[in-house]
Every structure is written in C-alpha cells, then in structure tokens.
Amino acid sequence: MTVLAQQLILGLLIGGLYGLAAAGLSLIFGVMRVLNVAHGELIMLGGYGAFWLAALLGVDPFASLLLVIPGSLLLGAMLYWGLFGFVVRAHEEARVKNSLLIGFGLALALHALAVRLWTADERSIPTSYAGAVLAVGDLAIPLVRLATLVLALLLIGTLQLLLSRWRWGKAIRATAEDWQAALLTGIDIRRAYLLAFALGTALAGAAGTLITVAYSVSPSIGLEWTLKALIVVVLAGLGSMIGTFIGGLVLGVAEAASAATFGGPYREIIGLVIFVVVLAVRPRGLFGR
Amino acid sequence: MLEIAGLEAGYGDVRALSGVTLSIAAGEIVALLGPNGAGKSTLLNCVAGLVRPWAGAIRWDGQDLRALDTHLVIERGVALVPEGRRLFAGMTVEENLELGAFAARAWTDRRAALERVYALFPVLAERRRTAVQALSGGQQQMVAVGRALMARPRLLMLDEPSLGLAPRLVDTILKALEAINGAGVAVFLVEQNVAAALSLAHRGYLLEGGRIVGEGSGTALMADAHVRRAYLGPLAVRSADTR
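Residue numbers (the working numbering), protein chains in the order written: chain A, 93 to 381; chain B, 388 to 630.
Check each hint, because a few of them may be wrong.
[Said to hold, decoys possible] Covered by chain A, according to a simulated footprint, are these stretches of chain B (three or more residues, beta-carbon under 8 Å):
1. 407-419
2. 473-486
[As the list claims (entries may be wrong)] Cβ-to-Cβ under 8 Å is the rule here; a few derived chain A residues that face chain B:
3. A186
4. R187
5. N190
6. K262
7. D270
8. L275
9. L378
Quick caveat, the hints were computed from the structure, so don't treat them as lab data.
Using N, Cα and C, we set each Cβ at its ideal position, and we do this for glycine too.
Same shape as in the complex, but just chain A (with noise of 0.2 Å):
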C-alpha cells in the first residue's frame, strides 16, 4: 500500500511537468493553430540552457529560471520571426500541415545540434540540496521535485494572470477564439502570434530547466516530451491554462497506477489509451471549450 501510494506522489509529481510542458503547446497550438512538433526540442534546450549556467558559471538550477524563461522568450520571438510566422500566412487548413513539416526539421536540426554542443549523454545538474526529503509517515516527498511542481503551478498561473489582466494577453485569447473579429477590434494578429508563441517558448525553457534539476537531459528528450505535451493538450482541452495543469497531474498518477499495476513497461501505454479514449469519448477534452 506505501509502495503504491509512494509511486503515485512520484507520479504526481512528474504530471505537474507534463502539464507545464503542455501548457506551452496548448498556447501556441490554441492561439495559432499550428502543432509545434519541436516543442519537446525546446524544451530540451532548456534543460542544456541551464546545464550550462549550472556547469560553467556555477548558477543554481531554480535560480536560473531568471535567465533560461527570457532566453526563451527571445528564442521563440526569433523561431516565429525566422519560420513560424510564414506558416500563420497559409490558410487555416494548411496550417497545421505545414508546421508539422517545419516542426519536424527543426526537431532534427535542434537535436542534432545538441548532440555536437553537449554530446548524446545524459546529464544532470548536482546540488547540495539534491537529496533532501519530506517524510510524511511512511512516505518519502522528494523535495526538489515538489519544488518543481510548485514553481510549475506558479507559472501557469501567472501566465493565467497575464492571459486574463494584461492588455495583449486579451488580444492573445481574442485572436485564438476568433481571428478575424479579432482583427475587427483593431488586434494586430501577427503580434499577438508572436507574443503566444514566444511565451509557449518560454514555458518549455521553464520546464526543461525544471526537468533537468529534477530529472535529467540529453538530446533525445525531445520526442518525448512532446508526446507527453501532445497527450496532456487533448486530454485537457484548449482554452484553460489552468485545467492543462489538472491535465498533467491526471497524466502523471494515471501512468504511476498502471505502471504500479501491470508492470513497469505499462507506464507509457496509459498516456496513448487516454489520447485514444479522450479523442474517442470526449474531442474537445476535459476542460475544452
């Protein structure tokens, strides 16, 4: 019963992950219909950002969340200026197509440069404070990853915050309900584009800065990582940054219970059942619009 119990915290704990990792898809994919299939790419990159702050200027891993988030916010103002932004121009049904195929070269491309900068071995950050625990009876929290899910819920909601109070934040979900009314009330669409995906960019820097402290990083993060976004994004459903939270958290105790119950190997078929299930039951997801 510990044992269970014990695995699902860990569970838990990780789904605050996914569901940051997914809030960023969830925006960019909401606001300009285009599926960044590189977004797990991103965040790998993130992790690397603060490797590197960690490995060579000896800056801690939480602490370098002030510089990996707006690091990130510049790469993804740079990637839509550079790439995403002619995909906005196709019509909406080619949208999607064509960023899948851009999505995916950047994927390789991303991957390929960070096995030449960092080498295809798996990394992590060291701390003093790397193995402290909380013990709850029987149960041991791992503190650095509760930190993690801490500081994920506190980004989501700020990004909440910014999406409901803060002038562009409006246009940001105005342009995602509707474009074209959007445009009507006078929106600069391409700049709200531009802000969603730039800040979907900096929530995957947040969470491969955060997996890597709690976890670890090397170049083939990535695919992972976007299927875990990708499923949380349709079990969740569009439109709610903070219902994308729930969404990981339900992702991260579904795949502890069925690795509890049919063995390891089982983890990472629940997440597909659900996909499936989800797509099937509900399209529009749990708290879809």
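Chain B: place on chain A using the hints.
Frame of chain A, contents of chain B only:
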C-alpha cells in the same frame, strides 16, 4: 469621407464585385441593398481590409486603405459589425466591449466609451459580468454594435445587424443606429430588412450581381418600382398600386 471607385474583388476565380463605385459623406446613413450573393459582405470586408480587392480604389479621407491591414483600418476610424456578430464567446460582455477599444487611439478613453455604450444599451450594463453565450440574440447584437463603437469610429459599417432578430429587437437596434448617427458617426448599413433600412437611411445603393444598379435617397428608393418588386415583396407592390 469614404470613396470607393471601380472596385473589383472576388474569391479564387469567382468574381464578387465588378466596378463598384460609391461614396459616403461624414454624418450620413447609407444603406446597401441587394439579394443574397450580390457581394454586399464582400464590399464591407474590402473596406475593412479582410478581403484584398483585385482592382480599384478605396479612399478614406483621401488616403488609400487597400494596402492597410485591418487593425490599421480600425485605427483610422472605420469599424465593422460583422455578419453573425462574431463575439468572443468565452468572454463576458464587458471583456468583449473592452477589446473593442483595443486600437491605440481608443484604448486610453475606454472607460468613457464603455459608459456611452451602456447608456445606449442599458441592458448591457446590467449584464456586464455575464458571458456573452448566455445572452439572447438581440443582446448579443447590442454587444456587437457596442464593441464596434468602442473603437470610436467615424464610420460604422454593419453587416445584416437585424438577421434572426425579433421585430421589436430590430427596432431597438435601428433606434440605436439613429442615436449613434445623431452623435456624428456615419453609418453604412447592409440590411435584408429593406423597408426598415430605407426608412432610416439618407441614401441607398442597390447592389446586384456585384454591380451597383441603382442609387438614390431613401424615400426615392422606397418608391422605386424595381425596389418594391424585388425587395419589398408582392404585398408592398399591391399596397402601392391601391394607394
């Protein structure tokens, strides 16, 4: 104020407008009448920059609007209430209205503009925190008109604002347009409800098959035999005959 000359537009290979020429002066109410598929919406969308014309000129205070993106057209004082209202369904009445003032020119004064819209449609003030999905069709149309007014336009274009509304609500909307015009805003109205449109409009144009086939004052068009036959229906023709 708005001058359109020789406008040609379409979608793909399909031509929707051929050589449309018309003008709207400051403070006017102008009706655009025509059957479904005549190109009325295309014309409004060309002015708003949502559809790129093939040829011709759209001048606003002498400046060419054709090269401008929609948000810049709005910034210059033209607003469009699109067909089907196109509200932001997940947002409240007030959020929808506030977004209407997104243009830099309107944003700083959005509080005052909001109060003017609430004065025009008091029911919206009562429901300001309600999600627009929960409103009746008439109230949604009020939000759509209010949202366009929030941009403080000098020309308000409306695409079928009475579509699907009960007669009493059509009256409310048209009265509001009269009040808006009274405040100095020119109105360009596309309307199926021809009798109501012409009773309100100073002038009107007839658009058929993408061409302007007639124009005149509201009363002159109302009396025109072709207009009566084609748009006001057999009842109107009969009552005119017996008068």
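Results of checking the hints against the structure:
1. 407-419: violated (count 0)
2. 473-486: Holds, because 9 residues of the region 473-486 of chain B bring their Cβ atoms closer than 8 Å to Cβ atoms of chain A.
3. A186: With Cβ-Cβ at 15 Å, over 8 Å, it is violated.
4. R187: violated (18 Å)
5. N190: Because about 20 Å separates N190/A from the closest Cβ in chain B, which is outside the 8 Å limit, the hint is violated.
6. K262: Cβ of K262/A sits 6 Å from chain B, so the hint holds.
7. D270: holds (6 Å)
8. L275: holds (4 Å)
9. L378: violated (16 Å)
Going down the numbered hints, you'll see the structure goes against 1, 3, 4, 5 and 9, while the others check out.
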